[in-house]
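**Q** Sequence:
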Amino acid sequence: MEQTEGCEVMSASKRLSKALASSKVIPFDESSRFVIMSDCHRGDGSWGDNFSNNQNLFFAALSYYYESGYTYIELGDGDELWENRNIQDIIHTHSDAYWLMSLLYKEGRLHMLFGNHDIIKKDPKYTKTKCSAFYCDSIHSMLPLFPGIKITEGIILKHWTSNDMLFLVHGHQGDFLNSTLWKLARFLVRYVWRPLELMGIRDPTSAAKNNRIKGNIEKKIMEWAEQENQLVIAGHTHRAVFPKPGEPLYFNDGSCVHPRCITALEIRNGMITLVKWALMTKPDRTLYVGREILEQPVSLEEYFKYMRKNKK
301 MEQTEGCEVM
311 SASKRLSKAL
321 ASSKVIPFDE
331 SSRFVIMSDC
341 HRGDGSWGDN
351 FSNNQNLFFA
361 ALSYYYESGY
371 TYIELGDGDE
381 LWENRNIQDI
391 IHTHSDAYWL
401 MSLLYKEGRL
411 HMLFGNHDII
421 KKDPKYTKTK
431 CSAFYCDSIH
441 SMLPLFPGIK
451 ITEGIILKHW
461 TSNDMLFLVH
471 GHQGDFLNST
481 LWKLARFLVR
491 YVWRPLELMG
501 IRDPTSAAKN
511 NRIKGNIEKK
521 IMEWAEQENQ
531 LVIAGHTHRA
541 VFPKPGEPLY
551 FNDGSCVHPR
561 CITALEIRNG
571 MITLVKWALM
581 TKPDRTLYVG
591 REILEQPVSL
601 EEYFKYMRKN
611 KK
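Letter by letter, the sequence shown follows residues 301 to 612 of my numbering.
Be a bit skeptical, because a hint or two may be false.
[To be verified] Taking CB as the label site, the calculated pair distances span:
no.: 1; residue 1: Glu330; residue 2: Ser441; range: 37 to 43 Å
no.: 2; residue 1: Pro327; residue 2: Cys436; range: 32 to 38 Å
no.: 3; residue 1: Arg385; residue 2: Arg608; range: 25 to 31 Å
These aren't lab readings, by the way, just hints derived from the structure by calculation.
Note that this is a predicted model, so its numbers are computed, not measured.
Every residue, glycine too, gets a C-beta built ideally from N, C-alpha and C.
Can you build the whole structure from these sequences, using the hints too?
**A** Quick look at the structure:
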């Protein structure tokens, strides 16, 4: 048992190292603004569409970030392409969100990673044919969506002057079933667990719904981060993590399908912050979409100091 477990840790380490080696590099400095979200699981609007309940929160949050000059980085599982075969149905259902993302992309302020549930988007032929344009109902014509987009496995945010790095990855690389055996996992989700989920039975293989699996994945990513002395920002488990300087270098942005809220990581003025967006109530009992800070801003320099101190 111990030998099998050790092999799995090693394979997770190799998958993370491979993703790091092939990552796209984006330079940043103290003037840069990024918002990092993942696990939207945008669906086709049916009962199984977990994004539907929070679609207005997502649109309100992304509108704020668009107007405030942020670059949006989506860390994978943006689209639910295990339960749904046709991404065009998803785009049509959530066309307002895609319209806003297309504006960000046009201005060079959108980057996407693939996760396990949208791993098919790693194929350039798929993105070229499926993600280049969309039909806009308001003007009854086709508009550019993400023409020429390259959806990668990882992103490195690299500081202009110090060369300090943040490694962004979906996180399914720490999960054997959802990485190496993703086609089997997709089959099980599409034909077994989705019908049962509609009956109220949870998928026991899902990292988002099984705390033991979450813990195992997080442990593997933390061990790799410590071994490589590399700060990691991931999604996949749907559980937000915000370490203090000196703790394992693993952040998690949570997800966009929490009940009644979405969570995100913000990078601004060289600081990183964990926030949530939710429907809130004013004293006069009117409702509004509000932003709440869950973890106070911490300077990235504090984490970089820890990494420099432990550099081999």
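**Q** Confirm or reject each hint.
**A** Here is what the structure says about each hint:
For Glu330 and Ser441, the hinted distance range of 37 to 43 Å is satisfied, since their beta carbons lie about 42 Å from each other. At roughly 33 Å, the beta-carbon separation of Pro327 and Cys436 lies within the given 32 to 38 Å, and the hint holds. Distance hint for Arg385 and Arg608: a CB-CB separation of about 47 Å, inconsistent with the stated range 25 to 31 Å.
Checked against the numbered hints above, the structure violates only hint 3.
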